[in-house]
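Colleague: These are the residues of each chain, in order.
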Amino acid sequence: MIPIDSTGMGGASPAPATISPRPGPGGTAPLTVESVGKVFGRHRALAGISTAMNAGEITAILGPNGAGKSTLLAIVSTLQAPTSGAVRWGDVELRRGSPARAALGYVGHDPGLYMDLGALANLTLFAALYGVPDGPARAATLLERVGLGGAPMQAPVRTFSRGMLQRLGLARALVHEPSILLFDEPSAALDPAGVTWLGTELQRERDKGRVVVLVTHDLDAAAALAEHVLILRRGRVVRDERRPGPWGAAHLRAAYEESCRG
Amino acid sequence: MAEGKPGTGFWAQALRIAGKDLAIEWRSREILATSAFLAVVVVLVFSFAFVVGGVAPPPTVVAGILWVAILISGVVGLGRTFDRERDGDAIRALLLSPVPRTAIYAGKLMATVVLMLGVELAVTVLVTVFFNARVGDNAGAIAALLLLGTIGFATVGSVFSAALLRARSRDVLLSTLLYPIVVPLLIAGARGTSNLLDPTPDYDAAAFWTQFMAAVDVIFLVVGAWAFEPIVSGD
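If you read the sequences in order, they're chains X and G. Under my numbering, the first residue of the first sequence is numbered 1, with each subsequent residue one higher. Under my numbering, the first residue of the second sequence is numbered 263, with each subsequent residue one higher.
Please note: incorrect hints may appear among the correct ones.
Distance windows between CB atoms, simulated [unchecked claim]:
(1) X:E257 <-> G:V376: 52 to 58 Å
(2) G:A318 <-> X:T159: 27 to 33 Å
(3) G:F272 <-> X:T159: 48 to 54 Å
(4) G:D433 <-> X:R42: 30 to 36 Å
(5) G:E292 <-> X:H217: 54 to 60 Å
(6) X:D220 <-> G:V445: 36 to 42 Å
Computed list of lysine to aspartate or glutamate pairs in DMTMM-like fashion (alpha-carbon distance at most 25 Å, straight line) [claimed, not checked]:
(7) X:K208 <-> X:E93
(8) G:K267 <-> X:E144
(9) X:K208 <-> X:E57
(10) X:K208 <-> X:D91
(11) G:K267 <-> X:E177
(12) G:K267 <-> X:E57
Here are some of the chain X residues that sit facing chain G, going by a computed Cβ distance under 8 Å [said to hold, decoys possible]:
(13) A102
(14) Y106
(15) G108
(16) D116
(17) L117
(18) F126
(19) Y130
It should be emphasised that the hints constitute simulated quantities derived from the structure, not laboratory data. All values reported here derive from a predicted model rather than from experimental measurement. A virtual CB, placed ideally from N, CA and C, is assigned to each residue, including glycine.
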């Protein structure tokens, strides 16, 4: 179970993303999924998914294997195009080629790094690809923030432990100060300390007013972290519910089992 | 540290991606070492087979050996360049960045060409030594043929390597798919080189093959740039 840190510690923060849509009623633009469908050949992976993911809120996307969670995240991240429907950030459509893609940060179970480059070189490269000013300084700040300030900077990151790689992967995703953070099973293969650390980081990013989306099988983590839960089954939304505080593991598990039954 | 905002134009991003690949290679020297080793083995095997009694084979054979060595070593280098994108799922992070896909293609292409040219330099020296080839007489024209052949090879190879990023038997598939398509370049390169290595070089024929390769390169470049985005996006 991931402990909740409600302190919302803020780190050194560079200039905010330059691309931002018109804010929603909450002050920061929500991410809306509008009737999104995805068909692979004759297999329908998603059917008419609609939901809204608010800024300053963690949305957990849950569901059994094959429910369409990762497909939905791939569409939100613009890596896959939907067969039908659209994803919007405020009034801006998120799709491949849209400048608003620069507002996205993605953390998967793989770190998304060049394994033969050093930690600083990786972050500096991605900072440059996103046009972040003063990339090396930004990279150094992020390395400190994720607890890798003392790591060997010149060593290829393939020599890092799994936990170190995941920390570096988060730093890579944050290098351009994204407004939307997407996590796909980020705690897979992390030890308990790493899972705790990651939970704290997710809350920290939520408290900065970002849209945080977490795809996971870990119901305990989702219960501890998420305010908004979206349960998918066979490519459809079977539960879309918000709570003002943590869900509680027992309650979420019961809701999940009820939703996925039958 | 008052560093300005880095350039995010097409060529700035393409050069950044090429620079990243070359920096990785500089650290590991993996592609250069394996490709050069393979090329040397090929040249040595051919030298044992064709140099009989100290007599070098005719220019047509020497040119063929040179291009076969380049082709075989090139596939190894190409595959490894894209393996580095697959390790750690770096390709996903790269595709999520706001860099145009065609700039990614151009960057990978430039890095592959530079690495292949490095190997080709070593192979050409070896062929010159082992087969007593008259490379120095028309070094500029032969270099142009090699450059055009390398660009064409890397242009098609980068597209196929990207398409096979997540395939299981990608090494076998890359050779199977790539060799038939680059055959026109191989033939033109070998014929043009042979014309230039001859004791009485046929410059008109060499010029024809050079122009032919340039035309093939243009076609490959246009098709490659057009095909890369949907292929790498999985559409």
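Colleague: Could you work out which earlier hints the structure fails to respect and list their numbers in ascending sequence?
Modeller: 2, 3, 5, 6 and 12
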